[in-house]
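Asks: In case you want the letters, here they are:
2 protein chains.
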Amino acid sequence: MKIVALAGGVGGAKMVFGLAKAHAALDLTVVVNTGDDFDHLGMRICPDIDTICYTLAGLANPDTGWGRFDESWNFITELKALGGDDWFRIGDKDLATHVERTNRLNNGQPLSKIVKDFCDRWNVKQHVLPMSDQKVATIVCTTNNGELPFQDYFVKKKCEPAIKSFRFDGINNADPAPGVIDSIEQADVIVICPSNPWVSIDPILNISKILPYLRQKTIIAISPIVDGKSIKGPAAKMYSELGIQPSALAVAKHYKKLIKAIVIDDQDISLADDITRLGIISFNTNIVMKTSEDKLNLGKDVLNFIDRIIR
Amino acid sequence: MKIVALAGGVGGAKMVFGLAKAHAALDLTVVVNTGDDFDHLGMRICPDIDTICYTLAGLANPDTGWGRFDESWNFITELKALGGDDWFRIGDKDLATHVERTNRLNNGQPLSKIVKDFCDRWNVKQHVLPMSDQKVATIVCTTNNGELPFQDYFVKKKCEPAIKSFRFDGINNADPAPGVIDSIEQADVIVICPSNPWVSIDPILNISKILPYLRQKTIIAISPIVDGKSIKGPAAKMYSELGIQPSALAVAKHYKKLIKAIVIDDQDISLADDITRLGIISFNTNIVMKTSEDKLNLGKDVLNFIDRIIR
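Sequence order for the protein chains is A and B. Letter by letter, the first sequence follows residues 200 to 510 in our numbering. Letter by letter, the second sequence follows residues 200 to 510 in our numbering.
Accuracy of the hints is not assured; some may be wrong.
Identical chains share a label here; the pair holds if one copy fits it or two copies do between them.
Derived lysine-lysine pairs resembling DSBU-like cross-links, with alpha carbons at most 35 Å apart [as the list claims (entries may be wrong)]:
id : residue 1 : residue 2
1  : K201      : K279
2  : K357      : K315
3  : K220      : K279
4  : K355      : K315
5  : K279      : K324
6  : K324      : K459
I should point out that these hints are in silico values taken from the structure, not numbers from a laboratory. Keep in mind it's a predicted model, so treat the numbers as computed, not measured.
Next comes chain A alone, as it looks inside the complex (with noise of 0.2 Å):
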């Protein structure tokens, strides 16, 4: 079976983990978010791509879920010591990957190329590619600070602005990465991991050219909300500043023009109703991914309701 993820960074990199380790022949492709991309320090910096990457390679920190595992801080230590910018923490190992793809993309490289050679050489046998080689910058607007570029709303300012919407800066200039039609009009089924609606999926949703082959297959999402709270970062918070009760109902309504099924998890099932009535098949299951273990059942999961929606 063919399978395109589509994914930001924590919670996409765990779905596709658990997709990867249920299936060990399933051909995935991940379309990975690039909104949250930015320029540090001289460097390009790819958030979510590095997530997916690390955790497919077996290479991510299990406590934070970015990053590496087995990290040094050697490198931002000193870099505070001489008054450089500390907010975004990078590790010593972490780093080699920004100054290697920013020497690349200097050269020329597109950032899909970068990222294919990046996964080969740490043995990742998914396939990995950016939704997009053109830069695409998610600015979350907020009701008291202003436009804020989503790294300085997410880790400098800890998600703490309330929001009012979101611009996807160089959207419209922006194609679809090389692969990603391919794969997509390949693709048996498309899954939209349980990542933020808003700034990890929407960006992917809102390159032109790539919704139109998306609507042609069939799609599952999977909540990133669970009993009304985001599992991680500041989805839910988002829902109710936009004015909209934080659910897996919710997140149905969001996707609701584009997917087949949703899978919620077993303390949502009162809204299971509710999604039915949207023209939308409902699965429950855990979908809180906390050990490794949650991630493989999650996995099967999935694959299973895979089964059940496209035969």
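Starting from the known structure of chain A, arrange chain B on it as the hints suggest.
Replies: Relative to chain A, chain B alone:
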């Protein structure tokens, strides 16, 4: 007493460390070669300045002479795994210097200001000045390998190609960094450190606005050559390839128009008469600095020799 030292990397660092230890209240300014500076992995790297600063700050690696002590190498290991250029060894702590410097340079700060701020943060009591804020690039012209940027010759090719001449790209547009001329004018004596005359000291002497001020001063050099061999690096090899017998006498001749005195090693006492015949005062002591005590002792000796020539 006010001293201005002209210095390259390791030999210069040992000498200024010795001078600083020999006399805590010494007003010492180090004017450092920047001809070795280069762009690498998107970063501006200033090897001589860093070696001088790390040494004066007590942060240097005593085994290598360059880089930081108690260093980790996770960045470069991971960079290599990604197929990155690892021929120039950069430690994790050292990397913070390059990243922060590059970031500030890209934001328009002049190198001299950055070095000053780094030195303040590292509690360096001496004044460290790059010879110029403009880029100068030492080019090594070889007999069989064409023209090589200095670090390609020095690190990548391990000084193996035979040289025939040197060029200092950008030298005609290089102004002395702020403070260089003032410190020379106010100095009681100029010390030419036991650095490579061709590629560490000559770039400084070739900045046309510096030389006239040096000519008005009492200058003492310390030979980087002992018993016909370089203490470290390719100086002796360069003399040979240029058809000059490498010796402390050759160094004295190199600086003949500039220096009042030269400090040679006890092993080279037989050269003293020939040096005297050049009109240059010759002092001898142990100039091979292996231990901290060696550096301190040579520092004390040089201060004594200075006393004898400026009184």
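Asks: Okay, which hints does this one fail, numbers in order?
Replies: none
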